[in-house]
Amino acid sequence: MLSKLIKYDIRAGWRDFVGTYMAIILAVLILPVIFKYPGNEIADAIAGSIAIAIIIGTIVMVIINLFTIFNTNVFSKEGYLTMTLPVKSHQIVISKLLVSAMWIVLTGIVAIIGLIIFTVLMNGVQIAGFTEAIKYMMSILGGQSILAVILIIIALIASVVKEIAKLFLACSVAHLRQLSRFRIPVGILSYFAFSWLEVAILEFLSKIIGLFVNSDEIVRQINLINDTGDIQMYFGLFSGVMIFGILYALALITAYSMANVWILNHKLDLD
Amino acid sequence: MSIQNSSQNIETLYNEQINKSNDDINKNTELVKISDLTKKYGSKAALSNVSLTLEPGHIVGLLGSNGSGKTTLLKILAGVIMDYSGTIKINGEKIGPSTKALVSYLPDNTYFSPWMRPLDMISLFKDFYSDFDEQKCLDMLKRLGLSEKKKIKTMSKGTIEKFQLCLVMSRNAKLYILDEPIGGVDPAARDFIMDTILMNYTEGSTIFISTHLISDVERMFDSVFFLKDGEVVLEGNIDDIRAKEGKSIDQLFREVFKC
Numbered sequence: 001m002l003s004k005l006i007k008y009d010i011r012a013g014w015r016d017f018v019g020t021y022m023a024i025i026l027a028v029l030i031l032p033v034i035f036k037y038p039g040n041e042i043a044d045a046i047a048g049s050i051a052i053a054i055i056i057g058t059i060v061m062v063i064i065n066l067f068t069i070f071n072t073n074v075f076s077k078e079g080y081l082t083m084t085l086p087v088k089s090h091q092i093v094i095s096k097l098l099v100s101a102m103w104i105v106l107t108g109i110v111a112i113i114g115l116i117i118f119t120v121l122m123n124g125v126q127i128a129g130f131t132e133a134i135k136y137m138m139s140i141l142g143g144q145s146i147l148a149v150i151l152i153i154i155a156l157i158a159s160v161v162k163e164i165a166k167l168f169l170a171c172s173v174a175h176l177r178q179l180s181r182f183r184i185p186v187g188i189l190s191y192f193a194f195s196w197l198e199v200a201i202l203e204f205l206s207k208i209i210g211l212f213v214n215s216d217e218i219v220r221q222i223n224l225i226n227d228t229g230d231i232q233m234y235f236g237l238f239s240g241v242m243i244f245g246i247l248y249a250l251a252l253i254t255a256y257s258m259a260n261v262w263i264l265n266h267k268l269d270l271d
Numbered sequence: 001m002s003i004q005n006s007s008q009n010i011e012t013l014y015n016e017q018i019n020k021s022n023d024d025i026n027k028n029t030e031l032v033k034i035s036d037l038t039k040k041y042g043s044k045a046a047l048s049n050v051s052l053t054l055e056p057g058h059i060v061g062l063l064g065s066n067g068s069g070k071t072t073l074l075k076i077l078a079g080v081i082m083d084y085s086g087t088i089k090i091n092g093e094k095i096g097p098s099t100k101a102l103v104s105y106l107p108d109n110t111y112f113s114p115w116m117r118p119l120d121m122i123s124l125f126k127d128f129y130s131d132f133d134e135q136k137c138l139d140m141l142k143r144l145g146l147s148e149k150k151k152i153k154t155m156s157k158g159t160i161e162k163f164q165l166c167l168v169m170s171r172n173a174k175l176y177i178l179d180e181p182i183g184g185v186d187p188a189a190r191d192f193i194m195d196t197i198l199m200n201y202t203e204g205s206t207i208f209i210s211t212h213l214i215s216d217v218e219r220m221f222d223s224v225f226f227l228k229d230g231e232v233v234l235e236g237n238i239d240d241i242r243a244k245e246g247k248s249i250d251q252l253f254r255e256v257f258k259c
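Taken in order, these protein sequences are the chains called X and F.
Counting from 1, position 224 in the first sequence corresponds to residue 224 in the working numbering; the numbering is continuous, with no gaps.
Counting from 1, position 100 in the second sequence corresponds to residue 100 in the working numbering; the numbering is continuous, with no gaps.
Keep in mind that the hints are not guaranteed to be accurate.
[Said to hold, decoys possible] As a list, the in silico DSBU-like pairs of lysine-lysine whose alpha-carbon atoms are at most 30 Å apart:
hint, chain 1, residue 1, chain 2, residue 2
1, F, 228, X, 4
2, F, 153, X, 7
3, F, 228, X, 267
4, F, 150, X, 267
[Said to hold, decoys possible] Footprint (simulated), chain X over chain F, 3 or more residues, beta carbon under 8 Å:
hint, stretch
5, 78 to 84
6, 90 to 103
7, 113 to 121
8, 126 to 136
Everything labelled a hint here was simulated from the structure, so no lab data went into it.
Only a predicted model underlies this, so the values are computations on that prediction, with no experimental measurement involved.
Even for Gly, the Cβ is constructed at its ideal location relative to N, Cα and C.
Sequences and hints are given; from them, build the entire structure.
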């Protein structure tokens with residue numbers, strides 16, 4: 001049933017998202033044509049700012065769109081279809097999270113491609129220039145560069161999916177019947193309350209970890225790395241921090257999703 | 001062990017077997033069992049200690065004026081309201097995926113997404129409901145004169161409602177829950193809807209219909225429940241009620257729900 005839910009969730013959203021991606025590519029193709037004044041730094045700066053604004057705006061729009069899809073699909077009239085399907089609530093939540101993660105990754109890829117196209121067209125940079133730059137960065141980072149990149153990408157995705165899971169839960173809290181008169185402020189406040197809770201838990205965990213780990217030793221290590229300039233020494237610490245961050249994000253995704261499932265199973269009340 | 005104790009043990013075992021048989025019999029005759037169902041919105045009780053039983057193979061009317069709690073009761077049975085007190089069992093199971101697989105629900109509003117076409121909905125129903133009869137649905141679409149590839153949002157409101165009914169009645173469900181299927185439609189459409197319901201429901205299934213338009217549907221019902229201010233005020237076999245009260249259900253409704 002989960003695969004069927006994923007199929008229909010993708011079908012429900014692909015028109016909007018693919019349309020958005022095509023708009024980004026069109027914009028980064030048109031901007032250099034409008035703003036191409038060789039040697040004019042102001043024009044370059046304006047064009048660059050607009051391109052970045054378009055991409056950031058698109059990412060924000062995608063996140064808002066994902067929230068709207070969840071809200072509409074579960075709590076509006078479409079909820080009469082979704083919530084009467086013979087599937088478990090956790091399957092509905094997992095499906096929406098997985099599909100959201102997919103759209104976020106695709107949006108990231110399209111944004112990077114858009115930036116590359118814009119840079120190539122605007123400044124005449126060759127594609128080969130990008131590959132050389134990437135090779136140079138990899139050589140600085142050394143043998144563990146691929147692992148570092150993978151960890152960064154996974155951490156980024158986990159972090160964004162965690163925000164989406166938090167948004168979904170805030171949406172469900174806002175739809176509790178007891179709070180229906182104050183839906184929008186409750187939704188917003190819930191989101192910020194969960195964010196505060198995340199930080200509070202992280203601080204608590206840091207204090208717990210501090211009881212077992214000698215923080216002076218960590219500071220000494222960091223100073224040693226700074227003094228010697230040996231980037232590869234970073235990796236042990238870097239990997240540890242990244243992995244901790246990924247696990248923390250996964251734990252929060254699980255917690256938010258379980259809370260969401262509990263609300264759907266016990267407090268659902270469609271208008 | 002003494003003879004007296006042995007006799008008592010045998011009697012206990014016998015009574016347990018009898019009770020188990022009775023439970024099995026009751027389970028077989030009770031498709032829906034609702035006990036002490038209460039649903040409150042703030043201080044107002046939309047449903048108050050409602051208890052009722054539905055048996056398989058009946059067409060049952062849930063009658064009441066606007067605001068009597070009919071839609072709330074049906075939404076709880078369908079699983080789109082989960083915040084209530086009391087117990088509900090459908091085919092011996094609590095409300096969940098297994099009961100949703102047995103229940104075909106027609107809400108009092110349409111639930112289609114703007115991007116959908118009839119073909120998309122038919123595909124969705126086919127994927128999720130093993131009891132969905134695709135050919136039956138396509139035949140009904142044809143009778144409606146609808147193209148399965150035309151976007152649902154381009155159809156008129158009445159046509160969309162009819163299509164939604166076709167989807168619901170194309171399932172071979174154990175329980176059909178229809179919330180005000182003829183509310184807000186013209187008399188010709190009402191006849192179409194009633195004929196669709198009667199011609200396409202599965203023998204041995206139960207249809208639970210809520211309505212306040214009694215005269216149009218009275219002829220269909222085997223039994224009725226009158227719901228007033230969230231409470232069941234009258235229930236029973238329709239012929240027995242008519243014989244006892246000496247009037248039609250429509251006349252009785254007007255008396256019970258007189259403003």
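Per-stretch coverage check for the stretch 90 to 103 of chain F, three Cβ contacts closer than 8 Å to chain X: That given contact holds, which follows from 6 residues of the stretch 90 to 103 of chain F lying within Cβ reach (below 8 Å) of chain X.
Quick one: see if chain X covers the stretch 113 to 121 of chain F, three-plus residues with Cβ-Cβ under 8 Å. holds (count 3)
Mind checking the alpha carbons of residue 150 of chain F and residue 267 of chain X for me, to see if they're no more than 30 Å apart? 37 Å, violated
Residues of the stretch 126 to 136 of chain F with Cβ under 8 Å from chain X, three needed, outcome: holds (count 3)
For the stretch 78 to 84 of chain F, do three or more residues have a beta carbon lying closer than 8 Å to a beta carbon of chain X? holds (count 6)
Satisfaction of hint between residue 4 of chain X and residue 228 of chain F, Cα-Cα up to 30 Å: Not OK: residue 228 of chain F and residue 4 of chain X at ~41 Å, beyond 30 Å, violated.
For a C-alpha distance cap of 30 Å, please report whether residue 228 of chain F and residue 267 of chain X respect it. Status holds; Cα separation ~25 Å.
So if I understand the rule, the pair passes when the alpha-carbon distance is 30 Å or less; does residue 153 of chain F with residue 7 of chain X pass? At roughly 22 Å apart (the allowed maximum being 30 Å), residue 7 of chain X and residue 153 of chain F satisfy the hint.
Hint compliance for this structure: hints 1, 4 are broken, all remaining hints hold.
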